[in-house]
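Modelling step: build the complete structure from the supplied sequences, incorporating the hints.
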Amino acid sequence: MARNRLSRSRRNKRYSEIDFRLPEALLRLDWSPDQIVGYLRVRGYPTMSHELIYQHIWNDKTLGGTLWKHLRQSTKKRRKRYNSKDSRGRLAAKRHITERPAKAEHRKEPGHWEIDTVVGRGTKHCIVTLVDRMTGYTFIGQMDDRTSESLNVRMSKIMTRSDLPFKTITADNGTEFHGYAQLEKHHNCMFYFANPYGFVA
368 MARNRLSRSR RNKRYSEIDF RLPEALLRLD WSPDQIVGYL RVRGYPTMSH
418 ELIYQHIWND KTLGGTLWKH LRQSTKKRRK RYNSKDSRGR LAAKRHITER
468 PAKAEHRKEP GHWEIDTVVG RGTKHCIVTL VDRMTGYTFI GQMDDRTSES
518 LNVRMSKIMT RSDLPFKTIT ADNGTEFHGY AQLEKHHNCM FYFANPYGFV
568 A
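Quick note on numbering: the working numbering labels position 167 of the sequence shown as 534, and the sequence is numbered without any gaps.
In short, the hints are calculated from the structure, not lab data. Predicted model only: the values in this text are computed from it and were never measured. Note that the Cβ used here is the ideal one computed from N, Cα and C, for glycine as well. Do not take every clue at face value.
Beta-carbon label-pair distances, calculated as ranges [what the hints assert, rightly or not]:
#1 N562 with E418: 32 to 38 Å
#2 R408 with T514: 24 to 30 Å
#3 K552 with W435: 19 to 25 Å
#4 K524 with P563: 26 to 32 Å
#5 V520 with R408: 27 to 33 Å
Below 27 Å or equal to it, Euclidean Cα-Cα: the simulated BS3-like pairs (lysine-lysine) are [said to hold, decoys possible]:
#6 K552 with K461
#7 K461 with K524
#8 K552 with K475
#9 K436 with K470
#10 K552 with K534
#11 K436 with K475
#12 K534 with K475
#13 K491 with K470
#14 K534 with K470
#15 K534 with K461
#16 K534 with K524
#17 K524 with K491
#18 K552 with K524
#19 K552 with K470
#20 K524 with K470
Spelled out as structure tokens, the structure:
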């Protein structure tokens, strides 16, 4: 699990090792640099070019790292996939994103988070990311699979160890979030859900 404070801008285009934590995690899931750049842009992370990510990969290789080994399979765009039994948008009593408190909507205080999961190619392994809307503080956790059980176990560990509060969490409609009521009950937070097939904003 990684904990980082990510700034949302880089006027001088200088990046620290912390800024590369999420790109590295996505590379290990066999994402391409181009896919990573698009994901960072959509999710509001510090923007960087795919050339910079390639440079980081080769610098890592020079130091004995293995990030370069994940480039060979990074050929297709990664999307969340749902089978015919998926029940996106059918969670009972779920709260819509438009019901979020004003302090969450306008990033007025810490404790309001956005959550996402990303799965690798040809594997069940995935990561969960949590970003505080005001500070940009980020958690990255690994899971064995994208199930609500695995998510709740990892989330409970993250929330217990966090120095920041968890007041609200905004998610998409993936089935991995269908156990949200248990997290609300045990951690005194509230979940909100984006439009089906829409990005959290």
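Against the structure, the hints:
no., hint, result
1, N562 with E418: 32 to 38 Å, "holds (34 Å)"
2, R408 with T514: 24 to 30 Å, "holds (28 Å)"
3, K552 with W435: 19 to 25 Å, "violated (44 Å)"
4, K524 with P563: 26 to 32 Å, "holds (29 Å)"
5, V520 with R408: 27 to 33 Å, "holds (30 Å)"
6, K552 with K461, "holds (14 Å)"
7, K461 with K524, "holds (23 Å)"
8, K552 with K475, "holds (25 Å)"
9, K436 with K470, "violated (43 Å)"
10, K552 with K534, "holds (12 Å)"
11, K436 with K475, "violated (42 Å)"
12, K534 with K475, "holds (13 Å)"
13, K491 with K470, "violated (36 Å)"
14, K534 with K470, "holds (10 Å)"
15, K534 with K461, "holds (16 Å)"
16, K534 with K524, "holds (16 Å)"
17, K524 with K491, "holds (20 Å)"
18, K552 with K524, "holds (15 Å)"
19, K552 with K470, "holds (22 Å)"
20, K524 with K470, "holds (25 Å)"
Hints 3, 9, 11, 13, counting from the list given before, are not met by this structure.
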